[in-house]
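These protein sequences, in sequence, are chains A and B. Numbering that gives the first Met the number 0 puts the first residue of the first sequence at 0, with every later residue one more than the last. Numbering that gives the first Met the number 0 puts the first residue of the second sequence at 0, with every later residue one more than the last.
Hints listed in this document are in silico derivations from the structure and should not be mistaken for laboratory results. There's no promise every hint is true.
[Said to hold, decoys possible] Derived lysine to aspartate or glutamate pairs resembling EDC-like cross-links, with alpha carbons at most 16 Å apart:
| hint | chain 1 | residue 1 | chain 2 | residue 2 |
| --- | --- | --- | --- | --- |
| 1 | B | K341 | A | D403 |
| 2 | A | K572 | A | E540 |
| 3 | A | K446 | B | D24 |
[To be verified] Just some of the chain B residues that point at chain A, by a computed CB distance under 8 Å:
| hint | residue |
| --- | --- |
| 4 | G95 |
| 5 | L103 |
| 6 | R334 |
All C-beta atoms in this analysis are idealised placements derived from N, C-alpha and C, irrespective of residue type, glycine included.
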Amino acid sequence: MPERASASPRVNDFSVKFATVNGSGSTSANSLVMKAIFRMGVPVVSKNYFPSNIQGLPTWYEIRVTRDGWRARAGSVDIMVAMNAETYSSDVREVCAGGCLIYDSTWPSNTLLARDDIKTFGVPFAQLCNENFEGARARTLMKNIMYAGALAALIDLDLEVIRTLLAETFAKKPALVESNMKAIEIGYRYAKEKFACPLATRIERMNATAGHIMIDGNTAAALGCLYAGATVGAWYPITPSTSLMDAFRSLCARHRVDPKTGKNDYVIVQAEDELAAIGIVIGASWNGVRAFTPTSGPGISLMEEFLGLAYYAEVPAVIFDVQRVGPSTGMPTRTQQCDLLACAYASHGDTRHVMLFPDSPEECFQMAVKAFDLAERLQTPVFVLLDLDIGMNDWMAPDFKWDDSYQPDRGKMLSDEQVAGLSKFHRYLDPDGDGIPYRTLPGVSPKAAYFTRGSGHNRFGVYTEDSAEYQDVMDRLTRKFATAARLVPPAIVESRGASAGIVSLGSCDAPVREALAILRRSGTAIDYLRVRGFPFGAEVEEFLATHQAIFVVEQNRDAQLRSLLTLETAVDKKKLRSILHYNGLPMPAVCIVDGINSAMATGVAA
Amino acid sequence: MSFISKPKVANPSLPSNELGLNRRDYEGSMSTLCAGCGHDSVTAAIVQAAYELALPPQSVVKLSGIGCSSKTTAYFVAGAHGFNAVHGRMPSIATGANAANRNLRYIGVSGDGDSLSIGVGQLAHVIRRNLDMVYILENNGVYGLTKGQFSASADIGTKSKKGEANEQEPIDPVLLALALGASFVARSFSGDKEQLVPLIKAGLSHSGFAIIDVLSPCVTFNDHEGSTKSYAYVREHSEAPVAADYVAPQREISVSYAPGELLPVTMHDGSSVLLRKLDPDYDPTDRAQAAAYVQERAMRNEYVTGLIYVDQKRRDFHARANTTDAALNSVPFERLCPGAAKLPRILASFR
Ligand SMILES: Cc1ncc(C[n+]2csc(CCOP(=O)(O)OP(=O)(O)O)c2C)c(N)n1
Ligand code: SF4
Ligand SMILES: [Mg+2]
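Take these sequences, add in the hints, and give me the full structure.
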């Protein structure tokens, strides 16, 4: 656990927020700044707050510079780059006391005078662009690149690093390197001439990002699908999951085309809706490939009937649910962990599903692979629950590792030789006592044939309306679910014998860890368990039993993780106290610190 | 247990096909449908077609939705894997299955409720994908399994058993398929085995989506006077502009007809379908004409049957996806996984 260093607190420890208009090219300027800091060896956290819209609405991008390597959102703004007149006044208000404001001073604005506790740096971006560039589009784009230049002077970014980044980005269009660099230099020189650069709040080279990458969870999950050997992907576009399939497609274009024939070792189907997308995944998995679909809450709602079929007929399927704010269409570009219950019990009848909860892109990569292994081992749908924050924001992650000795776990799938040796095949027997039956693939032998159905069937795979036969299969499925609890990734437990504990999951891990360190500094010791899979393993039950007070930290209104814990473990409901964050922005550590401190103050936990 | 297994009695007197299998080897479990149900005759035609084509049973995949019609996949080719999907969603299961292994024969069976109401979206899009499969729509104008409600194929004015008349426009699956660009469109009647069996064989040989709308009366809920899907009505009101004979790949085309009457269509697997024109002006390769013809006859209360439209040149799902020739489920993992050696290069783009 990195502790806060005692050096000057503003060096390599602050946050910058960019307020711009979407569709104006600000994304590339913002990520250029983020990447430059990262390349200078300083850890960063980046958060993009964008509208559900293509052009013309306010958008923000936040870079937290964190020499201690925290991964959560900062929760406060030290430097605001206010480029959007529409949100200007609220942007100015958001800067913390002693912070800075960079703005376009081409047109003087009264609201500037609204605060005297922050430093303001006016740069006539529009005017400089008009003097130096031709054409309306170029002027808008260059204005955004130019603020990166002014900021670079103020926080002391290395221009050579920026030049290298531009050269890499525009490797195929060298002219763009020059025009972008020109804009950067204009902004840079202006700031150098007019202001005392650099500020106390600035970047100093470190060596804390070597062996790391900046990657979003959707791309990482797609890479996991590639490495796991998934060959069929079906989807219907929906924010924030779309970039997962986009990434899979471009990875496949590079790594899955047979150089000899030019043909593809994969199929991606853009289905007509999510009902079809999950149907395609089920059909493909049933026929022996690894198949997946990325989606979000509304898609999960549509998939429910098919998910029940896959559960009951025991067909593997991998579903990435990149959660966004619900209910209904909700706020498509904001983050939440609001589909836990919808996924756990998706579909009518008695159904329960396996879920995995990655906390970071690194785990997205690993758990994507794990999801296919589990889906095939358990012959059931497996949900990987990301959220928009993990899925779409760039996170600093240690370089992913791959072990070439990995072999996919295809589960109890009879080989051609095993089929040849059969006298008769029955689909739903439980010869191993773990609740998992054997399956066969079409195309091998008439002896292996069986009938897959969602209607009542007995252990031989034959249609039934007989009570005992029906119940026999349902009871075996319960045994299978118990097996699943032993196979999902175990919870991460950090116990130091405290009487209070936090239970959390997914992207809450970043703020929870930071909050734990803050609390520890003020003398409050709290244990921590992060669930990584559902059904819950024995370690979850034990943690719940051995702690007097438990804070369940999650990002939804209705305390869905807490509900799952009360439904699926023996925990006394009264021990569980919720700390909830559900406004659609990623959770900052302060929210947890405050929640726990106020509970402690009222004597809820000791 | 409502499942009835059929005793297999070896009968050496039955003729066998090139694989040494006889007709009964292509049967499935005993039907539980009403005696006289049209769907059972369609099942028999599928059995006959599979037997005559000498399909290895394991090379067939049977798919269906939900309904009396959809139950029938259990009643043919017992040696094939079968998949009863959920109501109206068989096309997506078929798409996934076919994506995973392009080298099997996919036979889908559905009903008019399954295909034209709850499943019309999936039907439309599987047509657009030109997925290589035969899609047999057992069309009886009602929801048999839920006891006789009108389906979307019920004609205007047709009367239910209780006497109410349907006023809604019907969806004609043939016109729908033509409009959406299906590459093989046929219609037949469960009671006309001579016509139906060659159509199923031709559909199985077609590379791409082959839909066969089979008028298949429901004796229990829609075989009365006033129904346009009864045995009597269909028999009276069907007309075929072309007759289709299936010719296996190695066989010679030996039948002789007057020139101009005969239109051999070579199928993807080397077989051919011989189209005999019964109406000299009809051209089954002209989509616009086919649609106009069907529509015009429909206004005269006539069902156009036979092979209504065929286009062998349309690229199928896998051709468009540029999929490898091997079944995807047979591609070895080593070829799919880039391995540790390639990972640093991939990660380098994220620094
Ligand atoms: C989601 C859903 N809704 C309703 C049903 C009930 N249902 C079962 S079969 C059927 C209609 C079947 O009609 P059709 O496809 O024409 O088949 P037929 O029985 O006439 O052969 C309906 C409505 C269902 N199984 N699933
Ligand atoms: S109800 Fe109609 S469709 Fe169903 S089995 Fe009976 S006759 Fe056939
Ligand atoms: Mg029907």
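Okay, the hints, checked on the actual structure:
no., hint, verdict
1, B:K341 <-> A:D403, "holds (11 Å)"
2, A:K572 <-> A:E540, "holds (13 Å)"
3, A:K446 <-> B:D24, "holds (13 Å)"
4, G95, "holds (3 Å)"
5, L103, "holds (5 Å)"
6, R334, "holds (6 Å)"
Checked against the numbered hints above, the structure violates none of them.
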